[in-house]
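Visitor: Each chain, written out:
Number of protein chains: 2
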Amino acid sequence: MGGRNVTTSTVGGKPLGRTELRRIDAWWRAANYLSVGQIYLMGNPLLREPLRPEHVKPRLLGHWGTTPGLNFVYAHLNRAIVARDLDMIYVMGPGHGGPGPVASGWLEGTYSEVYPDVSQDLAGMRRLFRQFSFPGGIPSHVAPETPGSIHEGGELGYSLSHAYGASFDNPDLVVAAVVGDGEAETGPLAASWHSNKFVDPRRDGAVLPILHLNGYKIANPTVLARISPDELDALMRGYGHAPYVVEGSDPDEMHQAFAATLDHCLDEIGDIQHEARTARRQPVARRPWPMIVLRSPKGWTGPEEIDGHRVEGSWRSHQVPFANAREDDAHRAVLEEWMRSYKPEELFTDDGAPVPDIAALHPVGERRMSANPHANGGRLLHGLDMPNFRDHAVEVESPGTGAVEATRVLGGFLRDVMAANMDRFRLFSPDENNSNRLQDVLDVTERTWNAETLPDDDHLAVDGRVMEILSEHTCEGWLEGYLLTGRHGLFSCYEAFIHVVDSMFNQHAKWLKATNEIGWRRPIASLNYLLTSHVWRQDHNGFSHQDPGFVDHVVNKTADVIRIYLPPDANTLLSVADHCLRSRQYVNVVVAGKQPALQYLTMDEAVVHCAKGIGIWEWASTHPDREPDVVIGCAGDVPTMEALAAVDLLREFFPDLAIRFVNVVDLMRLQDEREHPHGLSHADFDALFTRDKPVVFAYHGYPVLIHRLTYRRHNHANIHVRGYKEEGTTTTPFDMTVLNQLDRFDLAMDVIERVPHLETVGGAVRGLLQDKLVEHRMYVRAHGEDMPEVRDWQWQRGGGPEVVTADPEQNAPEG
Amino acid sequence: MGGRNVTTSTVGGKPLGRTELRRIDAWWRAANYLSVGQIYLMGNPLLREPLRPEHVKPRLLGHWGTTPGLNFVYAHLNRAIVARDLDMIYVMGPGHGGPGPVASGWLEGTYSEVYPDVSQDLAGMRRLFRQFSFPGGIPSHVAPETPGSIHEGGELGYSLSHAYGASFDNPDLVVAAVVGDGEAETGPLAASWHSNKFVDPRRDGAVLPILHLNGYKIANPTVLARISPDELDALMRGYGHAPYVVEGSDPDEMHQAFAATLDHCLDEIGDIQHEARTARRQPVARRPWPMIVLRSPKGWTGPEEIDGHRVEGSWRSHQVPFANAREDDAHRAVLEEWMRSYKPEELFTDDGAPVPDIAALHPVGERRMSANPHANGGRLLHGLDMPNFRDHAVEVESPGTGAVEATRVLGGFLRDVMAANMDRFRLFSPDENNSNRLQDVLDVTERTWNAETLPDDDHLAVDGRVMEILSEHTCEGWLEGYLLTGRHGLFSCYEAFIHVVDSMFNQHAKWLKATNEIGWRRPIASLNYLLTSHVWRQDHNGFSHQDPGFVDHVVNKTADVIRIYLPPDANTLLSVADHCLRSRQYVNVVVAGKQPALQYLTMDEAVVHCAKGIGIWEWASTHPDREPDVVIGCAGDVPTMEALAAVDLLREFFPDLAIRFVNVVDLMRLQDEREHPHGLSHADFDALFTRDKPVVFAYHGYPVLIHRLTYRRHNHANIHVRGYKEEGTTTTPFDMTVLNQLDRFDLAMDVIERVPHLETVGGAVRGLLQDKLVEHRMYVRAHGEDMPEVRDWQWQRGGGPEVVTADPEQNAPEG
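Line by line, the protein sequences give chains A and B.
In terms of the working numbering, the first sequence opens at residue 26 and continues consecutively.
In terms of the working numbering, the second sequence opens at residue 26 and continues consecutively.
Calculated directly from the structure, the hints in this document are not laboratory data.
Every residue, glycine too, gets a C-beta built ideally from N, C-alpha and C.
Check the hints yourself; a few may be wrong.
Unchecked claim - Here are the in silico distance ranges between beta carbons for each label pair: (1) A:E79 / B:E677: 29 to 35 Å; (2) A:D332 / B:E677: 43 to 49 Å; (3) B:H648 / A:A148: 54 to 60 Å; (4) A:D296 / B:T303: 38 to 44 Å; (5) A:V786 / B:S706: 53 to 59 Å; (6) A:P813 / B:R73: 26 to 32 Å; (7) B:T583 / A:R302: 33 to 39 Å; (8) A:E700 / B:V633: 36 to 42 Å; (9) A:T303 / B:A108: 55 to 61 Å; (10) B:T583 / A:W545: 44 to 50 Å; (11) A:E700 / B:H782: 28 to 34 Å.
What the hints assert, rightly or not - Some chain B residues flagged as far from chain A (calculated, every beta-carbon gap over 12 Å): (12) V31; (13) G162; (14) A168; (15) E256; (16) P381; (17) R404; (18) I523; (19) Q610; (20) E643.
Claimed, not checked - Derived EDC-like pairs (lysine to aspartate or glutamate); straight-line CA-CA distance at most 16 Å: (21) B:K750 / A:D585; (22) B:K222 / A:E256; (23) B:K797 / B:D771; (24) A:K718 / A:E652; (25) A:K368 / A:E74; (26) B:K750 / A:E700; (27) B:K538 / A:E74; (28) A:K222 / B:E256; (29) B:K797 / B:D709; (30) A:K750 / B:E700; (31) A:K750 / B:D709; (32) B:K797 / B:D811; (33) B:K637 / B:D577; (34) B:K222 / B:D488.
Isolated chain A, as found in the complex (with noise of 0.2 Å):
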């Protein structure tokens, strides 16, 4: 912070007349007294009296550092908001700073409307001190909690995709978004900035990124703070943004040149929307959006100094700048001291409620940043206009035939929900939306680009509701901050490519986890991912393609959040993503494969079995009168047509053995019903799986997740599970099967190990199954292709289902 104490700014100007500076600074001594408190104080919560050590809590937790920063901007964009009748919102990256928005939530009134025990006055005001970072409290975060947030801010890197998100298709929207210079080092963070190559200036709302350098991380100076201006400049330019840079410390001159800078920078972007809004030759190109550089002091007006060590300006402002205020009263003076320069006297009443001159400041009603109902995205949400996917099913005629692309059939479901929710619907992928056979969405809708075009281009406009970057996170973020301000989406995804946002899916759970427990959010709608190019035909891909871990990392989080479906064909995918498309508060997976592949069940039977989530196929049952002698169970659309073809092997050499077949679509009725909303009592389960008989079941994923998922069921010790073991590389589609011994003939050959009035047969058939094994083996290794009889297998080769046969290009590689 090399001139930390020059103010100097890109905008010249001082717009702000004496009572505005006045109003702007109280808000801001007020904001960061109220900061102060919530990280020390339990009691005397306005320095009536002389702060005793009881009145410090014992713990001292919280995030200092960056708090004045959240403030300040704070106090300014409630400026712009009134002077210009602004819908605005705010994210804070650094959501540590958790005390600056709750301490401005409640000077707007917000934080006392919805915790009324926090009210405006000196015993909320205690409350509010005493609650923060303290047991039964709120977090120190920005949370769920936390009034006008979106964004919690704990785990970095996400606030621009969560702000682009809540920008589009919001038109009259701005949303100011504070990025701090250590979340701007991260990934997610820095491919983030160019989102503003799809944004359509038209259509969607603006975001107005703020760096924030204050140069010093928890230990370390932070790379953006400590290149050159020239470098930071280019960097801003070379992502797309016209950069204003506000820097120093001196509180009215700064004020002047941020409120000059944010004038300037509103200006700028009412200009580009003005322009784009009203050109007559569309699209008009793209321009450099503004952004604001500022470069203020880490812990500004903090101590300067303890100890003989530097504080505010340094690293050691990160958390609390000392701990031992308690105890040690030269500390404890130093904090009265802090404290009393905010001159509480002036911005609080006897009673402790905020003075005329800061209630002047901020907006009224939901323009209030922390009431802005797009912060509260349920109170906006519109339930989707869902248009009968049972016009898309497949005709099946017989069960077990037909080549359909079960992804491109609900393409078509797609599109036509796209057709009728173009202002609140769209699609996420990391450049995979076509791979995934989606592309019939592409009849309604473009792909949505803002950059330059040329003539081979395949469906690109600036309007387009199809979003596509090669970047998992940015798409993540996008589409969380798009449902978070109440609207709907879907991000479809290679499978192995999830684990990318493994971490951004948690923090979205547990968002949805804590917002069911706050009365005042409102539900939003799911959040869904549709997981194709699975594992089982990565053919060709190596292992970098192969991984369906992604669920295993699912199912740990609660269970009220979380939902898995792995329909086995087109129809019971349609069936599942009305479902998901229409459901709140969830993160639903669903896996499904994009190849050509085998239909089981009519629409009408799909309907029944999605509903139900698991049940009984008695047409791929044996003797379904009977007791079975074996369960074969299966979850995944190649494990379903392994698990058949098997139950074909067996049929023909034990025509008397009584299989009973088991599909599961909704993996979480695996569990017990005390586990999970969706699980089946022991009863139910019991009445599908025995409670004695072998079962085998082919899973998608890995095995022990089934094993997970049913160890407290009665017959847990006769379920014998095949899955990924990790065992692909180079394969066709069948020999990855075969590699991970997940193919027809090792399940026939479990079953009959498992049977026992098959042993004195079983062994004879048992070799045959196992020659015709490696017959397989080295007809792939000799054709690179699957032999002919499982390649075209089908369940009933008399049957005469309408057979949709993928043209050739349907049957390009994944990805």
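We have chain A; now place chain B onto it with these hints.
Guide: Chain B alone, transformed into the frame defined by chain A:
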């Protein structure tokens, strides 16, 4: 590719003589020919006869689009290596261009050296073609099987961080790194450009990034190819680079332009290094490193059009440009014409070997990029010079006493490791090194920092060896690159945020698994994670900091490469760390707290306990001479403390109860020996946990993992696990265990409930414990800290161990 036919170049000149030009072009054509052959052919490799259907593979897989660009660069790097005797490796971000480096490795002879059956003759060329993306062959991506590669590249984003990792401490190495313009959109890649602020030009080698703008991803254009040249230039300068553009499509012109540019960049690198290495005043100011923007058509030299659609220079050439070459005569004719356009008769002898012009271009021996030992890092691996970890032993006179920060003790050991290995060991952390209490390493080295510094900065230096950037992705990528080139390191991270690199861990673990099966790949040092700031001490940070699920994620990978350790105290942590730093080819995950905590084992005991990985603590058991009535198991520091405190409660109420106390350090000991090399036999497991007695197990993470690991055990039905349940928000340390019911009172009540003969008296005691629990909870809510009898609890109050008291700063909250 608006001006793709006009060659433009920042650097002028035509440095190539006729012979050089001819050789480079011949190499390029040969590599391209071999690449197309790999994708399409299974016979007739030199087109000695007209192409017939059976010469074409039945399933066409692979990616052509990026390959000619990779080959082009390879040819030019070879020229430079020979001309300058460079020690150079080549990292290819677009790893799906696998045919390219395979082709070049074959041209250089390396491929035939490591795979003798793929010889440099006609038979070998046929095998080379056939094996590609063929069952039993090689994947279509650059893979561990590819000589010269340290980078798989199927999951995009890590090429630059891998390249920088390779360059650290390799002053004579130049790492050429092609960044695809698809990859460039990812977060991890976007962040990793800033790696140049962490390079010491005296001590480290150089990375030469080559941003390859071929314009398209799978179906979309790329962002960086469609922003203005000015924006792109600004972006690269903002990242700290001096960009040099080479754009066009005419081969001869492009060869001259690229050669001139490459020479210029290598000169500049030499200049920067020379200046830094000879300047009298150190450190010299950071200068922008050169980088190249190569703008060339996607699928360059491929068919221009097929069926009326543009292919070369379009997204259509991303994968296999046309898929019907086997059945469709016209397409097959296109293929033949395309392959013949490279003039194979000029490139290969009658025997199918490369002609002398090609052999003349590449360097020999280990200068060949495909044979460079840096890309097979195990060949260069020098074990760490290991100091004696016992020197850092914490004295423990009486178990269950003291207050030691385990990771701080580890920091002392790591300091000694660092001091003894200043050329081959580094620490990596996302700004958490000190927060994780490893600051003692700063006694012997500094934090790496090559940007502006200010007086209040702490331990920054250009030649520091503690690498901190707030990007888990960049840290992980650096470390992987460092390890893959034969060095050692440790990544310390907050437990919750390690999920950010879930997918990177996946790739590295799969790489290790694959290399275990490749004879010529030599073992490398293990990837060591130290996870701290763990879930049980997130007393203020809110939900974003709470997630113990990385271990679950890790367990999904194959057992031969993963190891998980949960040392309960400082001495066990030292012993585990020593073991991990000596190990090879593993991913070691070590979870350990950083807060002052009780100590249990003397150094001698710790070494024995860690060697066993699991064991009975007799001193913590009651009536160890008898058969136990109950087993209390535990894994993790906080669970161990709570479990011990539960024993303390129980022995008071039930002096006759025989409790066996089992602590687990090496988590995989719990698993069946057939599933993990560290797994216990059933007999050994039964000897610890009995076959029929109740087991109450206190576990660090999600309880389900313990069930997963033990579900094949005889006594599994009696194992009751308590662990993290996603119930933390704002809590004190103990409140966190209370919320998740992992506290001592709940554990004690579990035991009472499960031991049959306690039923009668147990009810009253349970009531007492329940009251205690409520009392404690109320105390915490009132006072903001644990009730004294909980806070101050130790195993033996009468004992007199040397208590290492934490100073107040050490008590600072987590991150």
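Visitor: Does the claim that E643 (chain B) lies outside the interface with chain A hold up, using a Cβ gap greater than 12 Å?
Guide: holds, 31 Å
Visitor: For K750 (chain A) and D709 (chain B), compute the direct alpha-carbon distance and say whether it is at most 16 Å.
Guide: Cα-Cα ~26 Å, so violated.
Visitor: Sort out whether D577 (chain B) lies within 16 Å of K637 (chain B), counting only the CA atoms.
Guide: violated, 22 Å
Visitor: Tell me if the straight-line CA distance from K368 (chain A) to E74 (chain A) falls inside 16 Å.
Guide: holds, 14 Å
Visitor: The output says E256 (chain B) does not contact chain A. Does that hold with a beta carbon cutoff of 12 Å?
Guide: violated, 5 Å
Visitor: Please check whether the beta-carbon of V31 (chain B) is more than 12 Å away from every beta-carbon in chain A.
Guide: holds, 15 Å
Visitor: Kindly confirm whether 53 to 59 Å is satisfied by the beta carbon distance between V786 (chain A) and S706 (chain B).
Guide: violated, 35 Å
Visitor: Note whether the CB distance of D296 (chain A) and T303 (chain B) lies within 38 to 44 Å or breaks it.
Guide: For T303 (chain B) against D296 (chain A), whose Cβ atoms are near 53 Å apart, the range 38 to 44 Å is violated.
Visitor: If you draw a straight line from the CA of K797 (chain B) to the CA of D771 (chain B), is it 16 Å or shorter?
Guide: holds, 10 Å
Visitor: Checking one constraint from the list: CA of K797 (chain B) to CA of D811 (chain B), max 16 Å. Satisfied?
Guide: holds, 12 Å
Visitor: Does the beta carbon distance between T583 (chain B) and W545 (chain A) stay inside 44 to 50 Å, or does it fall outside?
Guide: holds, 48 Å
Visitor: Holds or violated: the 43 to 49 Å window for the beta-carbon distance between D332 (chain A) and E677 (chain B)?
Guide: holds, 45 Å
Hint compliance for this structure: hints 4, 5, 7, 13, 14, 15, 18, 27, 29, 31, 33 are not met, and every other hint is.
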